[in-house]
Structure formats: C-alpha cells, structure tokens
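Number of protein chains: 2
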Amino acid sequence: MEKTINVYYISGNTGILARNLGKALLAQFPGITFHGESFPFIRTEEDARAARRRILTQSLDSRPIVFSTVFVRKLNDIFNTPEIHFLNVCEGFLLRLEYLLEARALRLPGSSRQHDDMIMAKRVNAIQFSIAHDDGTNLKDYDEADLILIGVSRSGKTPVSIYLATQMGMKTANYPLVEEDLQRRRLPPEVIRNRGRVAAISTSARMLHVFRENRYKGSRYARLATCAEELEQARELCQLHKIPVIISSGRSIEETATQIVHELGLKAAITF
Amino acid sequence: MEKTINVYYISGNTGILARNLGKALLAQFPGITFHGESFPFIRTEEDARAARRRILTQSLDSRPIVFSTVFVRKLNDIFNTPEIHFLNVCEGFLLRLEYLLEARALRLPGSSRQHDDMIMAKRVNAIQFSIAHDDGTNLKDYDEADLILIGVSRSGKTPVSIYLATQMGMKTANYPLVEEDLQRRRLPPEVIRNRGRVAAISTSARMLHVFRENRYKGSRYARLATCAEELEQARELCQLHKIPVIISSGRSIEETATQIVHELGLKAAITF
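Read top to bottom, the protein sequences are chains D and Z. The opening residue of the first sequence carries number 9 in this note's numbering; numbering runs sequentially from there. The opening residue of the second sequence carries number 9 in this note's numbering; numbering runs sequentially from there.
Hints listed in this document are in silico derivations from the structure and should not be mistaken for laboratory results. Cβ coordinates follow ideal geometry from the N, Cα and C atoms, glycine included. Be a bit skeptical, because a hint or two may be false.
[Stated by the list, open to error] Restricting the straight-line Cα-Cα distance to at most 30 Å, the calculated cross-link-like pairs of lysine-lysine (BS3-like) are:
no. : chain 1 : residue 1 : chain 2 : residue 2
1   : Z       : K275      : D       : K130
2   : Z       : K275      : Z       : K130
3   : Z       : K275      : D       : K82
4   : Z       : K130      : D       : K225
5   : Z       : K225      : Z       : K31
6   : Z       : K275      : D       : K11
7   : D       : K82       : Z       : K31
8   : D       : K225      : D       : K31
9   : D       : K275      : Z       : K31
10  : Z       : K31       : Z       : K130
11  : Z       : K11       : D       : K31
12  : Z       : K130      : D       : K275
13  : Z       : K275      : D       : K31
14  : D       : K250      : Z       : K11
15  : D       : K130      : D       : K11
16  : D       : K275      : D       : K250
17  : Z       : K130      : Z       : K148
18  : D       : K130      : Z       : K225
19  : Z       : K130      : D       : K11
20  : Z       : K82       : D       : K130
21  : Z       : K82       : D       : K31
22  : D       : K31       : Z       : K31
23  : Z       : K82       : D       : K148
24  : Z       : K82       : D       : K275
25  : D       : K130      : Z       : K11
26  : Z       : K148      : D       : K225
27  : Z       : K11       : D       : K275
[As the list claims (entries may be wrong)] A partial selection of chain D residues facing chain Z, derived with a Cβ cut-off under 7 Å:
no. : residue
28  : A32
29  : F37
30  : T41
31  : N88
32  : I92
33  : L105
34  : V132
35  : I135
36  : P167
37  : Y171
Just chain D, with the same shape it has in the complex (with noise of 0.2 Å):
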C-alpha cells in the first residue's frame, strides 16, 4: 500500500504563507500522497514543544516534513531534530536579502499581515461593494466599480467577484446576462459606458450543464443545447462589444481572477 507523508506547516502567524508554499512545491510529487496539518502562532516554546510531540505522535511509520516560516531561532531549533525533515521557507532569503539589502532583518513574525487601516479600509468597502452588486443588482452604482464581470447564469462570476473583493481589494460587480440580452446582443448603458473594465466569464457548456442541473434539473434552462447555445450567444455579444473573454472552466479561482486583471490591464487596488 502507498505510503502518506505527513507534512506540517508551523508559523509564528497564520501559516498561510507556509501551507501555500508546501503546497505548490508538494504539488510538484503527483505520485506520493501527503496529508498536510497547520500549526499556526507558535510564538513560545511551550508552543513549539506542543506542535513537535503532535507531529511526532502522528509519524511514528515515517520521517515528517516540517515547513517553517517561524523567524525566531530557538522555537525553529526545536524541530530542526533528525526525526523531522525540516525547512526552513524564510532564513536562507533574509540571509541573502541582509546581504543585499545592507541592512538587519527584523525576525519579527507576521509583519507582512500587520494591520494596515487603509488596506483594511479598501478590502472591506470591496467585500461591502461587491457583496451589495452581486447578480446584476444595484446597476447605478456601476461607474463606481474597479471591475464588471459579465457572464450567462451560473457560469461563476460570484466567486471570482468576491475573490477579486476580498484578496485584491477592487470592488467588483457582476452582472448576469439573460436571455433578452443575448437575443438582442444588447447590453445596459451602465456596462456598456465602462466597457475598458468590464470582463466577461465563460466556461464549457458540459460545466454550465452540471452546474444549472444541480440547481434546476431537468429544466430546459439547464439543459446541455441551451448552455451551448447561450455560451454562442455571449461569445458574440462580447465580440460585438469588444469584452475580454476569459475561460474559467479548469481554472481555479485565483487563476480566473488574476488572468481577468491581467488580461485587462488593470492592477490590484491592493497588495499584501
């Protein structure tokens, strides 16, 4: 039987940092199986000493991986053992950056999450924004917004419109095109006046499929023709118009997300 590694991602804060690091490099081993647990704000040695008995508890048939983005020597110390593989995702960098930078690292954890009110401010008034434009509602508002997705019904223009909300800060409606839309290839005056930021989300019509047959099955909405009818339909409109199309059908979120802003020139209202 296939061996699981265990791996595990400490942090003297959230360990996002870590687990999103292992996790891509992890991905690169498709052939082994690994089951990932966090440790997040390990500040004491109390609390490194708790993480490394759990970590040792649970390995007993194989050598753990430990990634670190801990800053403080002494709490790393304690799992860089030889029981444990243990990486340390930060030290050789800061080394470098000291080298380059001329100047001291603080060691300090979790600055680059510190609380920043205007960042906080721009974040939540995106969330707030995006939230309150979701689904074609409140058009009036559209000359305020940093981004405008377009796309048929269920095609996932909501949770790339949170996403952009709530990880770049740009406040994002989105709008549903229905059938009058399509047939006419018209568009509201309100997309249409501020079309350099406006994207529309398309995705294969078997993905529409699945997803309006979860919603509504059997309903000729859902039906395979008329989610590649309407996808047709949507291409043309965005053509006639000059809307960007971006497929997010074997995309994640995150790709979907950073291709749109990509693709329309656009920069994150926020980077952290």
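Let chain D serve as the given structure and place chain Z on it in line with the hints.
Coordinates of chain Z only, in the frame set by chain D:
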C-alpha cells in the same frame, strides 16, 4: 532622499505565492521602501524577455530584486543575470524534496492551483452560503453552517465570514447582536444550539466608533460611549454562553479568521 528598491514577482501561474513570500520577507526590513510589481503567466521565452525588458527599463537607478516561482530553468536563466538580484523561490526546496522523497519533481507551473472540482464546489457553495447568510439573514439554515460569527454592528463580521468561505471553504453565517440581545443577554436558539461552532468578534471601542461614524455621523449609535457599552454587554453575553471572543482590532482579516478556526478547534474545509 530615500531610495526605493524595485521588486518583481515572476511566475508561470498567478504569482500569488511569489508575492506573498516576497512581501513577508521584505516586511522584515521596515527601514527600506520597496515598489512591487507582478508578472504572472510567464510561460514562454518571449514572455520572459518582455518582462525582463520592462524590469530593466524601470530600474535604471538601482539593481532590482526578482522573486521567481517559475519552474522552467531556461525561463529563470533569462532573469538570472548580473543586473538583477535573482531569488529563485522554489528550486532549492525542490532539490531538497527530490532528495528526501526519492522522486523527481514535475516542474510544471500552477499544479498547486490546478482545477479540482471538489474543492471548487466547496468554495463556491461556501461563498454562496455566506452571502445568503450575511448580517443575520436566514437563521433557519444555521444548522448547516460550518461556523457562525456573532458581534455588535460594524465589528467586522462580514469580511471575516467572506474570507473564511473563499479561502477555507467554510460556510460561514454572521449574526449581529442587536440591542434586544445585548440587554436581555439572549441569543437566538439557532445560535445557541450550534454553540460549538460559534465565535464572537470584538474590537476596540475606538475602532468601532470610527467605523460607525463613517456610516451614521453624529448618531447615538456611533457615539464612543455607546460603542464601549455595547462591546462590554457583548463580552458579558459571550461569557455567559461560553462563546470564545476574538479581538479583530490591530489584526488583518487573515489573522482574525485563522485565530477563530484555531480557537474553536475546527479545520478548514479545504486547504489548497
């Protein structure tokens, strides 16, 4: 005058990981000003050369820093030249993992964010749920929630709920503690009976005052004394019902969300 150092994040995919790592590292050097820019989707030598040209044109004054999560050696080579401080985020770790896992890494871009239907469905459902259960709506569905956040009005429940849904796939409802709840020290039965998955968000009276003033300037609701009183009443209510209270002031959305999941002993529905 202080010099700004240009920093670039290049990636075969979204560039999110390169940027997050770079930001975390550079935040350890608070005395230096950095200007960051991402070049996602570097897939061909042409993409790489175009990015390199832009980087060098923008960095005539000082040698730029490039963080790369590109996996393809010949693309990295285009950036790894004397004009650039080149930091390869993945290569060192991949070599170490190849050795300890006794396996060969694929070195394909974006594998960690490769489309996974199950993860996608969990995220989409969680986002839809959180939007439909924002601000005390649809209490009848609370038994279905993975997590329920409570707190006084404007304490920051919505952004944390949306983050938990988007990034951790957790169906998160949020419920505002209204005057009646606070004065009678009561909670709706839908909250009470799911207590193991309920956390409260609190903040400082000053922050709450600022947020409320933004919305209803000069109102009794926004007054500092009202804010302090409501926060104290909420604290007592939570103590009575044994609900953990997480302080959001001075914390990023990520930190608050991670702290809540950690405190309740829950696991993210997805980790990716």
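Each hint, compared with the structure:
1. Between Z:K275 and D:K130 the alpha-carbon distance is near 28 Å, which keeps this suggested pair within the 30 Å criterion.
2. Proposed proximity of Z:K275 and Z:K130 is supported: the alpha carbons are some 14 Å apart, at most 30 Å.
3. In summary, the hint linking Z:K275 to D:K82 is supported, as the alpha carbons are separated by about 28 Å, within the 30 Å threshold.
4. For the suggested pair Z:K130 and D:K225, the alpha carbons sit about 20 Å apart, so the restraint of at most 30 Å is met.
5. About 36 Å separates the Cα atoms of Z:K225 and Z:K31, which puts this hinted pair outside 30 Å; it is violated.
6. A threshold of 30 Å between alpha carbons decides the hint, and for Z:K275 with D:K11 the separation of about 23 Å falls inside it, so the pair holds.
7. At most 30 Å may separate the alpha-carbon atoms for a hinted pair to count; D:K82 and Z:K31 meet this at roughly 24 Å.
8. For the given pair, D:K225 sits about 36 Å from D:K31 by alpha-carbon distance, which is inconsistent with the 30 Å threshold.
9. Distance restraint check for D:K275 and Z:K31: the Cα-Cα separation of roughly 17 Å lies within the 30 Å cut-off, and the hinted pair is therefore satisfied.
10. With a CA separation close to 29 Å, the supplied pair Z:K31 and Z:K130 stays within the 30 Å bound.
11. Taking the CA atoms of Z:K11 and D:K31, the gap is about 35 Å. The hint is violated against a cut of 30 Å.
12. The hinted pair formed by Z:K130 and D:K275 meets the criterion: a straight-line CA distance of about 28 Å does not exceed 30 Å.
13. Restraint check for Z:K275 and D:K31: satisfied, since their Cα atoms lie roughly 17 Å apart, inside the 30 Å limit.
14. For the proposed pair D:K250 and Z:K11, the alpha carbon gap of about 42 Å is over 30 Å, so the pair is violated.
15. In summary, the hint linking D:K130 to D:K11 is not supported, as the alpha carbons are separated by about 46 Å, beyond the 30 Å threshold.
16. Between D:K275 and D:K250, the direct Cα distance comes to roughly 20 Å. Compliance with the 30 Å bound is thereby established for this hinted pair.
17. The hinted pair formed by Z:K130 and Z:K148 meets the criterion: a straight-line CA distance of about 21 Å does not exceed 30 Å.
18. Our distance criterion of 30 Å between C-alpha atoms is met by D:K130 and Z:K225, whose separation comes to about 20 Å.
19. Simply put, Z:K130 and D:K11 have alpha-carbon atoms about 27 Å apart, close enough for the 30 Å limit, and the pair holds.
20. Between Z:K82 and D:K130 the CA atoms are separated by roughly 39 Å; this puts the pair beyond 30 Å, and the hint is violated.
21. With a C-alpha separation of about 23 Å, the suggested pair Z:K82 and D:K31 falls inside the 30 Å cut-off, and the hint holds.
22. Taking the CA atoms of D:K31 and Z:K31, the gap is about 18 Å. The hint holds against a cut of 30 Å.
23. For the suggested pair Z:K82 and D:K148, the alpha carbons sit about 50 Å apart, so the restraint of at most 30 Å is broken.
24. Only pairs whose Cα atoms come within 30 Å are accepted, and Z:K82 paired with D:K275 is accepted, the gap being roughly 28 Å.
25. A C-alpha spacing of about 27 Å is found between D:K130 and Z:K11, which places the hinted pair at or below 30 Å, so the restraint holds.
26. For the proposed pair Z:K148 and D:K225, the alpha carbon gap of about 24 Å is at most 30 Å, so the pair holds.
27. For the proposed pair Z:K11 and D:K275, the alpha carbon gap of about 23 Å is at most 30 Å, so the pair holds.
28. A cut of 7 Å between beta carbons decides the hint on D:A32: the least distance to chain Z is about 4 Å, and the hint holds.
29. Evaluation of the D:F37 hint against chain Z yields a held restraint, the C-beta minimum of about 5 Å falling below 7 Å.
30. For D:T41, the interface hint is violated, the least distance from its beta-carbon to any beta-carbon of chain Z being 11 Å, above 7 Å.
31. The restraint placing D:N88 at the interface with chain Z is violated, with a minimum CB-CB distance near 13 Å, outside the 7 Å limit.
32. Checking D:I92 against chain Z: minimum C-beta separation of about 11 Å lies over 7 Å; hint violated.
33. Using the Cβ-Cβ criterion of 7 Å, the hint placing D:L105 at the interface with chain Z is satisfied: the shortest such distance is roughly 6 Å.
34. With a least beta-carbon distance of about 5 Å to chain Z, the hint placing D:V132 at the interface is held under the 7 Å criterion.
35. Interface restraint check: D:I135 against chain Z, minimum CB-CB distance 5 Å, threshold 7 Å, status holds.
36. Hint status for D:P167: holds, given a least beta-carbon distance of 5 Å to chain Z, under 7 Å.
37. A least Cβ separation of about 6 Å between D:Y171 and chain Z falls short of the 7 Å threshold, and the interface hint therefore holds.
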